[in-house]
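Asker: Residue numbers (the numbering used here), protein chains in the order written: chain A, 35 to 195; chain B, 92 to 838.
Each hint should be verified, as a subset may be incorrect.
To spell it out: a stretch of chain B is covered by chain A in this simulated footprint if at least three of its residues, at any positions, have a beta carbon under 8 Å from a beta carbon of chain A; those stretches are [what the hints assert, rightly or not]:
no., stretch
1, 420 to 429
2, 748 to 757
3, 802 to 815
Label pairs and their computed distance ranges (CB to CB) [stated by the list, open to error]:
no., chain 1, residue 1, chain 2, residue 2, range
4, A, Asp-130, B, Gly-255, 46 to 54 Å
5, B, Arg-808, A, Asp-50, 48 to 56 Å
6, A, Ala-183, B, Gly-463, 45 to 53 Å
7, B, Thr-802, A, Glu-157, 43 to 51 Å
8, B, Arg-332, A, Thr-45, 17 to 25 Å
9, A, Ala-156, B, Pro-659, 31 to 39 Å
10, A, Arg-159, B, Ala-651, 47 to 55 Å
11, A, Pro-46, B, Arg-332, 21 to 29 Å
12, A, Asp-50, B, Pro-196, 31 to 39 Å
13, B, Gly-255, A, Ala-156, 55 to 63 Å
14, B, Pro-196, A, Pro-195, 44 to 52 Å
15, B, Pro-659, A, Pro-46, 54 to 62 Å
16, B, Ala-273, A, Asp-130, 25 to 33 Å
17, A, Asp-130, B, Thr-190, 20 to 28 Å
Covered stretches of chain A, going by a simulated chain B footprint (3 or more residues, C-beta under 8 Å) [said to hold, decoys possible]:
no., stretch
18, 37 to 51
19, 107 to 115
20, 151 to 161
Everything labelled a hint here was simulated from the structure, so no lab data went into it. Please read these numbers as outputs of a predicted model, since none were measured by experiment. Note that beta-carbon positions come from the ideal geometry of N, C-alpha and C, so glycine has one too.
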Amino acid sequence: MPEHSFRVNGTPVTVDVPGDVRLLWVLRDILGITGPKYGCGINVCKACTSHLNGRAVSPCAIPVGDLGPDDEVTTIEGLAATAGAELHPMQQAWLDHDVVQCGYCQPGQIMAAVDLVRRVAAEGRAVTDADLDGIRNVCRCGTYFRIRAAIRAGAAGMGSP
Amino acid sequence: MSPPFGRRRLLGYVLAAPILVTAAPLRASARDLTEVLDLNDIMTAAALPTSGLITVEVNQDGTVSFALPRAEVGQGITTSTAMLIAEELSVPLRRVRVTLADARPELLFNQLTGASNTTVSTYTPIRVAAAVARQRLLAAAEAELGTPATGLRLDAGVITDDRGRGIDIGTLAVKAASPRTAPVPVTLRTRESLTVIGRPHNRVDALDAVTGRKRFAMDLDVPGAKPTMVCRAPTINGTVRSVANLADVRAMPGVTDAVVISTGVAVRAETFGQCIDAIRTLEVTWRPGTAEGESDETVLRQLAAAELPLGPRPPTPVVEGRFTFHFRGNSALEPNCAIADVRRDRAEIWSSLKSPIVAQETIAARLALPRGRVTVHVTEGGGSFGRKLFFDAALEAAEVSQKIGKPVKLMWHRADDTRQGRAHPMATSRVRIAYAGDVVLSYEQRHTSITTDLGHGIGELFTAMAARLPIGGAAFSQIFFQFSQTSPYAFGSHSRLLNETGRGFNTGSMRNVYSPDATCARELMVDQLAARMNKDPYRFRRDLLRDDRARAVLAAAATAGEWGRSLPAGVAQGIAFHSEYKAVSACLVEIDCRPATANRPIRDGVGGPRVTRVVFAVDVGLAVNPRGLEAQMMGCVMDGIALALTSSLHLRDGYFLEASWDNHFYTRQWNTPLDLRVIIMPSTSEQPGGAGELGVAASMAAVACAYGRATGTLPTRFPINHGTLSFVPKPTVPPVPASPTDGIRHA
């Protein structure tokens, strides 16, 4: 079987699996990294949102064969390390605003939020209501309002405008 | 009703154990069942005979353990339960470890999570058990320190005497233990002295959730339990006739097993991705399902035929309305899933289950094992909304594991979860209100619904209680309906009836059960009546509400929401009231129905009229954790918006068209109000009411009322966008869509 090498949360990994198996299953079923959740498998609910080279992606829609040894996958488990802290400012904002209800979608929500703040910061501006309206991550507990407040607080914590 | 504020003397127990283990009283507050007021009273009364088995343990490391016989699915009961123990035991909350108990058949009805009953029924027993522990620890410290108990203080998990000497409760865990079980009278803290209960507290599991450490069923590492999925029929509950290529599929990469089961063809593989590929490759011939040829139209005709007549039309003026509520999916984000390891002589199950005892019984029967040989672990759930009252995935996982002789980690695809999973049944509600001049004479409501499956333990609970209830011989659902629906307004004579018809659908009550639909219909007609009488909808409600708590929440919502403020054409307010679970609630909504808003483009989604502002006022008697209560109400508001505006299932040719979150339009960020305020009223009781579902009914009704006023119409079909199919239905063969491959380019 083909081997595929890439990096996950700062560590190089090699997996022996057909190249068309999506990254979500490689993370969860083979590597035992369970922070990214399954919610649809078709890049709609965004519960598995993780970062690929610093940008938010849905691992359920990425064949593992598309990754190379230099590609860095960051899951919720590795997010804090990217900020060099116990918790990423966005995770801290999530705690401060007590966003979580069941918690199933929240790793994906946080990863999407960090990506959003990075994108708008790169444009030299603050997060707007329209930006927040554009987040597609489903939360069936309906934590959307606290998510919006936490993202604004997390953006401040990230030093964004 | 609630006892007067003051000190209550109750009986708890210390149990024979090597460390300190205390239990709640066997009959903490046995009630006279003639006082039964609502559904929660029935459930609380049913739980009482076994409450003594709820135990609190003090460990040698200073932590306190409690196995909660309920399911945590996001509603925050592990946090509120830890708060109760921290309060009565005077330990820091972080030292309290609340886990979820395995199925314990001896608890009978005391392990059913539903009808927002958890805190209502466990509030006193848990506190009593903790208070016994506190008393035993103080007595042990008295012997240890040689200081009379009157000179000891237990604070933050440490007992100190008047000379400043301190001793941690962990050090006393063995000394405070008892060699025999003995009763211990205790006095609970008074309402005025509470320092934890009633104060906002963040969730105890938040850190695990935001770091990805929180474990759901599919995250557990059970040896040998490999990913397993089921290829399902193109129509509801269709079954396998034959499979043409089972051997080919078994030879696919990663696949370890493929086997026909009662619900389809199960595939086990190294990854779920390979299960999906195998399902898409299977060539299956199907037998018909249980709803062949059914569609929205046929079900509507069936409902119309089953509607019970209203009474004779009175000679006075009336307002009348008939409302339709379409099928809605109650999928949680975590799909139906379970791990099963079935051996020749035993079985072990892991799943988020709100009725684990019924699950255990049913699974044991299916496997032909004695019940005692089936261990059922309750895992934390990724949402429920009614779904996890059922154990469809656990039963299926057990069947597959037994058939192939291997452990399985079974998960439903999202498409299956929507198409073959439980749905809230389609219903109609007819309302007639008679009046003369300024006086309302009578209120009649006839709710007609596709049968709601209550076969998850609540039905058994009612059976056991039926002989003692002031209602005779009625069906479970009728009892449920009567006890969950209240008459908050002084509308003269009341008559409310439920009729159910039709089987063949996989139904289950969705959060708040009958109330969102029934309340929505009622509140819309209250608006109609107010208009007919030329009265303001808010003042009309306030004048006719029966009690002070009800008027207070309504006034709070109206005041904070600036009821009656000037708004542009196409934007309007709505207000609605609902009482249930010993709680009262009122919701004020502002909705923007102007074309520029309603027609805003949303990729693969529904925008539509936007709820821009919500004020939700709630009085649950005593709010154990106001921050958690606020979170529940916020979620309920999102549900109410979805039910009124966007969220439904379309039935056609025996199957639901929806197969994705981008088909089944639960509220998304672009539907979320930018201004949302929850007002928690000051405590009006020494006892908590239920909260997990409470807010859905008033929210849905307020959105509907606001929509009606903004558009100058009376909406009669919900959700309002049901008539427009806002997506292209996915194929039913194969039953699950392929995962995309463009994830790097298309984030």
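Asker: Take the hints in turn and mark each one as holding or not.
Answerer: Here's how the hints hold up against the structure:
no. : hint                               : result
1   : 420 to 429                         : holds (count 5)
2   : 748 to 757                         : holds (count 4)
3   : 802 to 815                         : violated (count 0)
4   : Asp-130/A to Gly-255/B: 46 to 54 Å : violated, 36 Å
5   : Arg-808/B to Asp-50/A: 48 to 56 Å  : holds, 54 Å
6   : Ala-183/A to Gly-463/B: 45 to 53 Å : holds, 49 Å
7   : Thr-802/B to Glu-157/A: 43 to 51 Å : violated, 38 Å
8   : Arg-332/B to Thr-45/A: 17 to 25 Å  : violated, 49 Å
9   : Ala-156/A to Pro-659/B: 31 to 39 Å : holds, 36 Å
10  : Arg-159/A to Ala-651/B: 47 to 55 Å : violated, 32 Å
11  : Pro-46/A to Arg-332/B: 21 to 29 Å  : violated, 49 Å
12  : Asp-50/A to Pro-196/B: 31 to 39 Å  : violated, 45 Å
13  : Gly-255/B to Ala-156/A: 55 to 63 Å : holds, 58 Å
14  : Pro-196/B to Pro-195/A: 44 to 52 Å : violated, 59 Å
15  : Pro-659/B to Pro-46/A: 54 to 62 Å  : holds, 59 Å
16  : Ala-273/B to Asp-130/A: 25 to 33 Å : violated, 45 Å
17  : Asp-130/A to Thr-190/B: 20 to 28 Å : holds, 26 Å
18  : 37 to 51                           : violated (count 1)
19  : 107 to 115                         : holds (count 4)
20  : 151 to 161                         : violated (count 0)
In this structure, the earlier hints numbered 3, 4, 7, 8, 10, 11, 12, 14, 16, 18 and 20 are contradicted, and the remaining ones agree with it.
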